[in-house]
Amino acid sequence: MRVVVCLKQVIDPLTPASTLALDKNEKKIRVGIAAPPVINGFDEQGLEAALRLREANKEIEIVCLAVGERFNNDVMKRSLALGADQLVLVQDPSLDTWDPYPIAAALAAAIRNIGGADLILCGRQGSDWDNALTPFILADLLALPLLSLAKRVSIADGKRVEIERVLTDGSMTMAADLPALVTVTSELGALRMPSVSARLQAARKQPRNIAWTELGAAAATLLAPEVIDLAIPVNGRNCTFIEAADGPSAGAQLAETLLQAGAIRLGGEC
Amino acid sequence: MAGILIVAEVDAGELRPEFWELATVAKALSAAVPGGIRVAVIGANLAAAVRQAAACGADMLHVIEDDRLAVPWPEAHAAALIQLCGELAPQLVIAPRTILGAEMAARLAVRCRWQLVQDVTQIEVTADGGLTATRPVSGGAVAATVRAGPGPWVVVPRPRAFAPAAASASVTSASPVRHTFVPPPLATACGERQRVAVEGISIDRAKTVIAGGGGLGGPEPFTLLREIADLVGGAVGASRVAVDSGWVQSALQVGLTGTTIAPDLYLAVGISGAIQHLVGCSSSQVIVAVNSDADAPIFGIANYGVVGDWKEVMPAFRDKLAGHRV
Numbered sequence: 000m001r002v003v004v005c006l007k008q009v010i011d012p013l014t015p016a017s018t019l020a021l022d023k024n025e026k027k028i029r030v031g032i033a034a035p036p037v038i039n040g041f042d043e044q045g046l047e048a049a050l051r052l053r054e055a056n057k058e059i060e061i062v063c064l065a066v067g068e069r070f071n072n073d074v075m076k077r078s079l080a081l082g083a084d085q086l087v088l089v090q091d092p093s094l095d096t097w098d099p100y101p102i103a104a105a106l107a108a109a110i111r112n113i114g115g116a117d118l119i120l121c122g123r124q125g126s127d128w129d130n131a132l133t134p135f136i137l138a139d140l141l142a143l144p145l146l147s148l149a150k151r152v153s154i155a156d157g158k159r160v161e162i163e164r165v166l167t168d169g170s171m172t173m174a175a176d177l178p179a180l181v182t183v184t185s186e187l188g189a190l191r192m193p194s195v196s197a198r199l200q201a202a203r204k205q206p207r208n209i210a211w212t213e214l215g216a217a218a219a220t221l222l223a224p225e226v227i228d229l230a231i232p233v234n235g236r237n238c239t240f241i242e243a244a245d246g247p248s249a250g251a252q253l254a255e256t257l258l259q260a261g262a263i264r265l266g267g268e269c
Numbered sequence: 000m001a002g003i004l005i006v007a008e009v010d011a012g013e014l015r016p017e018f019w020e021l022a023t024v025a026k027a028l029s030a031a032v033p034g035g036i037r038v039a040v041i042g043a044n045l046a047a048a049v050r051q052a053a054a055c056g057a058d059m060l061h062v063i064e065d066d067r068l069a070v071p072w073p074e075a076h077a078a079a080l081i082q083l084c085g086e087l088a089p090q091l092v093i094a095p096r097t098i099l100g101a102e103m104a105a106r107l108a109v110r111c112r113w114q115l116v117q118d119v120t121q122i123e124v125t126a127d128g129g130l131t132a133t134r135p136v137s138g139g140a141v142a143a144t145v146r147a148g149p150g151p152w153v154v155v156p157r158p159r160a161f162a163p164a165a166a167s168a169s170v171t172s173a174s175p176v177r178h179t180f181v182p183p184p185l186a187t188a189c190g191e192r193q194r195v196a197v198e199g200i201s202i203d204r205a206k207t208v209i210a211g212g213g214g215l216g217g218p219e220p221f222t223l224l225r226e227i228a229d230l231v232g233g234a235v236g237a238s239r240v241a242v243d244s245g246w247v248q249s250a251l252q253v254g255l256t257g258t259t260i261a262p263d264l265y266l267a268v269g270i271s272g273a274i275q276h277l278v279g280c281s282s283s284q285v286i287v288a289v290n291s292d293a294d295a296p297i298f299g300i301a302n303y304g305v306v307g308d309w310k311e312v313m314p315a316f317r318d319k320l321a322g323h324r325v
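Respectively, the protein sequence lines represent chains G and U.
For the first sequence, counting from 1, position 229 maps to 228 in numbering that gives the first Met the number 0; every step adds exactly one.
For the second sequence, counting from 1, position 280 maps to 279 in numbering that gives the first Met the number 0; every step adds exactly one.
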């Protein structure tokens, strides 16, 4: 059984906003200093879900797949150190786009190219655009059932995927026949750390590159909105720091300040 | 293709409050998108919600009521919406950015290949028949202006970005049009739903929210936050770190993948302020941060700050408020 985990390389969401630079011509966000990119956190949790599935069934083959403009190999190869059997990369300048349709088309073509998948795992959304759209397009292109927001994923009899889906006020169980696509949410838990020896072994492994032209995939569509401007929002707030001799006095002074400013009304209604 | 269709989400028989923000967007765009405003009410046990939605002043209500829609089953709810869109052919669909609403919007847009404009904070229809919108990117660090072509469009407004419309005295006079749910074969199946009762007041509508994050180090300190919340009649919230660590239930999460809130007072304790958290609380009237790291990004959006150890600051804060109360 083959599980494909889709990975997106993104700007580290912990990069301070002050170091982001906007390329106004290209309509792209760049990192001003040399901060390495990361794998989208929700996608990492997809890999964690795949690793847990393989703990239950050793026959599972895990293929990590990423499409994008250009990859940082060290960042992407972390998936190999964690036990992915294969890392497949599709790199092409035309894949540096905000349009999820060509991205999903490239993912679908690459999955067909490697012989298909029984289960596809994606993060619930990218931490950059937060559209949560690529998995839906991918499932549509491959005509697969899609289950979203899984915090637990299991496979029954090798034929059916079952998930626990997160809701705002609880959860629900859902299921679909394989092949299927599942999106994973952060409540599933963080990706495990690779061991030092696994990292050293992975350093010698190489990703498999598939050329975009080899996949014969389509160009950009007119289906996604076009980005016409980017700006850093200005925040008009100025922080007044409470200065006090020690923590307890600062706490008391803060309470006093908020009461006087009318920000706290004791016994007020909610 | 004409007119606007608002997706009204119903939870446990009640219209979800985001509906009134969508009504504001619909009214603002109704002159530029002629054809009237219609409301799609999809679910089961809809009598009360249909009555509530009628007060938005829409021209017509369209109802799909079916037992299969009693649970938030995304594929089934999306099928109902896709069916209605096939029958009504709207130019613009407006859906709420909730767990269910956002997925219905995505499934509709992908299936029909309509343009999806998500997380919108400002929107206008331009003279050339296109649509221009502003939305946050990279968790709110950047604001993008995006442009969609001639439509049809599926628009998902950012929660709290638009003021809720007031219920109108002149309720929709025409009786709701009922549509029989005729879905295509559904490829997913739905099992049991478990609701977790939210402790205390929900962060969603509270006027004061006291939230804790990774700096608290565990679940126990949330008891102290709860005491403070009780003193001021507020709610307890949390950052994603605290939720993912299992310290508190996910209903408490403030941020991009949690709830976007806009209380009168937001007090962040031990929350450094990752950008995805800031976007969930930055519309609060007054923001107060307590953090041991003077460089924490949360201070960048705070009105008041204390650089210090919450273990020293917060008990004294609670005691001072308790002392005032008696």
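There may be inaccurate statements among the hints.
A few chain U residues facing chain G, derived, Cβ under 10 Å [stated by the list, open to error]:
no., residue
1, R67
2, R134
3, G138
4, A140
5, G148
6, V176
7, T179
8, P183
9, A186
10, V195
11, A196
12, I274
Read the hints as simulated data drawn from the structure, not as lab findings.
Glycine included, C-beta positions come from ideal geometry on N, C-alpha and C.
The hints, checked one at a time:
1. The interface hint given for R67 of chain U is violated, since its Cβ lies 14 Å from the closest Cβ of chain G, which is over the 10 Å cut-off.
2. Taken as an interface hint, R134 of chain U checks out: its beta carbon lies about 9 Å from the nearest beta carbon of chain G, inside 10 Å.
3. Checking G138 of chain U against chain G: minimum C-beta separation of about 6 Å stays under 10 Å; hint holds.
4. Because the closest C-beta pair between A140 of chain U and chain G is about 4 Å apart, less than 10 Å, the hint holds.
5. With its C-beta approaching chain G no nearer than about 6 Å, G148 of chain U sits inside the 10 Å limit, and its interface hint holds.
6. A hinted interface residue such as V176 of chain U counts as satisfied when its beta carbon comes closer than 10 Å to some beta carbon of chain G; here the least separation is about 29 Å, so the hint is violated.
7. Because the closest C-beta pair between T179 of chain U and chain G is about 24 Å apart, greater than 10 Å, the hint is violated.
8. Look at P183 of chain U: its Cβ only gets to about 12 Å from chain G, farther than 10 Å, so that hint breaks.
9. For A186 of chain U, the shortest C-beta to C-beta distance to chain G is roughly 3 Å, which falls under 10 Å, so the interface hint holds.
10. Restraint check, V195 of chain U versus chain G: the minimum CB separation of about 4 Å is within 10 Å; hint holds.
11. The interface hint given for A196 of chain U is met, as the beta carbon of that residue sits about 8 Å from the closest beta carbon of chain G, less than 10 Å.
12. Given hint, I274 of chain U at the interface with chain G, holds; its Cβ is 6 Å from that chain's nearest Cβ, closer than 10 Å.
Violated hints, in rising order: 1, 6, 7 and 8; the structure is consistent with all others.
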